[in-house]
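There are 2 protein chains.
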Amino acid sequence: MNYVLGIDIGGTNVVAGIVNKEGDIIQQFQYKTNNYITAENLITDIYKDCKLFERDSNLKVSAVGIGAPNANYFTGEIEFAPNLNWGNSVPISKIATKYFNLPVKIINDANAAAIGEKFFGCAKEISNFVLLTIGTGLGSGIYVNGKILLGKNGMAGEFGHTQLPHIKRVCSCGQIGCIETVASKRGILQTYKEKYNELFNDFLDNMPSIEQIYQLALNGNNIALSVFQEVCEVLSIGIANLIMILDTEAIILFGGIANAHKIMIPIIENEVNKRLLPVFKNKVKILPSMLLNKNASVLGSAAMFFYEF
Amino acid sequence: MNYVLGIDIGGTNVVAGIVNKEGDIIQQFQYKTNNYITAENLITDIYKDCKLFERDSNLKVSAVGIGAPNANYFTGEIEFAPNLNWGNSVPISKIATKYFNLPVKIINDANAAAIGEKFFGCAKEISNFVLLTIGTGLGSGIYVNGKILLGKNGMAGEFGHTQLPHIKRVCSCGQIGCIETVASKRGILQTYKEKYNELFNDFLDNMPSIEQIYQLALNGNNIALSVFQEVCEVLSIGIANLIMILDTEAIILFGGIANAHKIMIPIIENEVNKRLLPVFKNKVKILPSMLLNKNASVLGSAAMFFYEF
Chain A
1 MNYVLGIDIG GTNVVAGIVN KEGDIIQQFQ YKTNNYITAE NLITDIYKDC KLFERDSNLK
61 VSAVGIGAPN ANYFTGEIEF APNLNWGNSV PISKIATKYF NLPVKIINDA NAAAIGEKFF
121 GCAKEISNFV LLTIGTGLGS GIYVNGKILL GKNGMAGEFG HTQLPHIKRV CSCGQIGCIE
181 TVASKRGILQ TYKEKYNELF NDFLDNMPSI EQIYQLALNG NNIALSVFQE VCEVLSIGIA
241 NLIMILDTEA IILFGGIANA HKIMIPIIEN EVNKRLLPVF KNKVKILPSM LLNKNASVLG
301 SAAMFFYEF
Chain B
1 MNYVLGIDIG GTNVVAGIVN KEGDIIQQFQ YKTNNYITAE NLITDIYKDC KLFERDSNLK
61 VSAVGIGAPN ANYFTGEIEF APNLNWGNSV PISKIATKYF NLPVKIINDA NAAAIGEKFF
121 GCAKEISNFV LLTIGTGLGS GIYVNGKILL GKNGMAGEFG HTQLPHIKRV CSCGQIGCIE
181 TVASKRGILQ TYKEKYNELF NDFLDNMPSI EQIYQLALNG NNIALSVFQE VCEVLSIGIA
241 NLIMILDTEA IILFGGIANA HKIMIPIIEN EVNKRLLPVF KNKVKILPSM LLNKNASVLG
301 SAAMFFYEF
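So the protein lines, in turn, are chains A and B. Under the numbering used here, the residues of the first sequence are numbered 1 to 309, in order. Under the numbering used here, the residues of the second sequence are numbered 1 to 309, in order.
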């Protein structure tokens, strides 16, 4: 097998890439998730682009790997994904098979990213790690003893929806207190807004972007810094709990927000170690993904056909 | 191998049993943990009892399996166990090898109980489950894909020390907010005391035992019922988080407190399902251990020599 089409379906963007065994993305296509009313519309467009690529390059794609939120490896369906609007149960594997007529595998997007990190990123030598995808939502891909943790139904790693009762925010999943309501794009923006309103007793007219908040923090802006402090504190409670449950070797930060790792990692290291039992203290590495500027989910989705994961 | 000595070291009691491959404990010895100033004193006594057994029965013990809190499978040491007072690092495997001159394996007591449940209890057909030991402390043994989850350092499953920030109690480990401070013997007693004081604006003179509180609850006593409700609510937040991280098939209740499962399980089922993402709702079994009146840790510690775990 020489080339696999890896597709990363996110709440905001969809990226499809033609991947080789070395983890090079030799061609990449991008789509806006909200432009597609159904998953089938999306797959149709990806299929067309893939066919054009094959015609122009004279290369052949041999399989399709898909990473998507709440994708079930065993059933081939996307089930109850809070950040997608294509219904409660999307038979994405069946749809992709119909168009491409090739072997198709689907996996939770965070698992895909973890597989990408394992074969092409900073986890090549690590058998036990958790990759956190911090972006529109908060997900995790968990490696245990050198194998991805799928769980009974292929749905393991829903770290973003683990709850801390002191969080009072309502999540996109309908629950209250999910860590994702704080440690995600949405969570950071909301925290910024709340802090601004509180401090100036005034409503924020022009909401800065995540990138701007990060730049403000890098420049020493107090509100921005306190936003990252608060977000990382909540995230760290969850990470410390993960470490004590899994006895993992490394936590890898991935996703849009992880680009702020220069500010986040020192806070997380401090907050996590404060909470750990002595046996775990200062043993767990908190690392930025090595694939932050690549697409780890595309790579990992494709890697399912190249390697034992 | 016909007979293995399984030893379960708890914060209150130590039980040693001569176990056969079918999971029968053909002879059992019991010790009070606090009677022993060092682990070596304890092992000396167990060794003497084992030798007497061998002499009287004409049977031979071929190996020694030990389950203990914070026991590290890889190093053979008990490390920083908050409920034992034998120092930060107890080379229990080395000590046992010295006396018995037999193969010795040690494992976290909750892992031992999970292994016991897997081979001799209600988890024979289950590949993904979490066994919770609710007693003096709160521990967990996690099975993933038919294998016990040891983690990088053999310390996985420290569920009792995962933290929920709305809990304000100080734990025996020194941290604040560990689930163990609520869901354990100590936690139940403290909750009862607090509720009594609050309700009657008076201090409790005669503290009932756990068993008495359970009997009171069975008889419909409001304080006792609200104690179990509150304890199970906190425990359920942790269980729901475990399910969303691990996508596990069953939660098995074990340990002294699990004898109250008739009252606890309906509350836990309700509270856990309230918090789960739709994909997980009503799929996970909450079960009482099938080994509640046997000693699962003794059986599991011995089973390490009989089976691949």
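Hints are computed from structural coordinates only; laboratory data are not their basis. Just to be clear, a hint being listed does not mean it is correct.
You can't tell identical chains apart in this list, so a pair holds if it fits in one copy or across any two.
[To be verified] With a straight-line cut-off of 30 Å between C-alpha atoms, the simulated DSS-like cross-links for lysine-lysine are:
| # | residue 1 | residue 2 |
| --- | --- | --- |
| 1 | 51 | 195 |
| 2 | 51 | 281 |
| 3 | 60 | 124 |
| 4 | 274 | 51 |
| 5 | 294 | 147 |
| 6 | 281 | 105 |
| 7 | 281 | 193 |
| 8 | 285 | 98 |
So, going through the hints one by one against the coordinates:
no. : hint        : result
1   : 51 <-> 195  : neither (49 Å within a copy, 69 Å between copies)
2   : 51 <-> 281  : neither (52 Å within a copy, 41 Å between copies)
3   : 60 <-> 124  : within (28 Å within a copy, 46 Å between copies)
4   : 274 <-> 51  : neither (53 Å within a copy, 46 Å between copies)
5   : 294 <-> 147 : within (22 Å within a copy, 34 Å between copies)
6   : 281 <-> 105 : between (38 Å within a copy, 25 Å between copies)
7   : 281 <-> 193 : neither (34 Å within a copy, 34 Å between copies)
8   : 285 <-> 98  : neither (43 Å within a copy, 36 Å between copies)
Violated hints for the displayed structure, listed by number in ascending order: 1, 2, 4, 7, 8.
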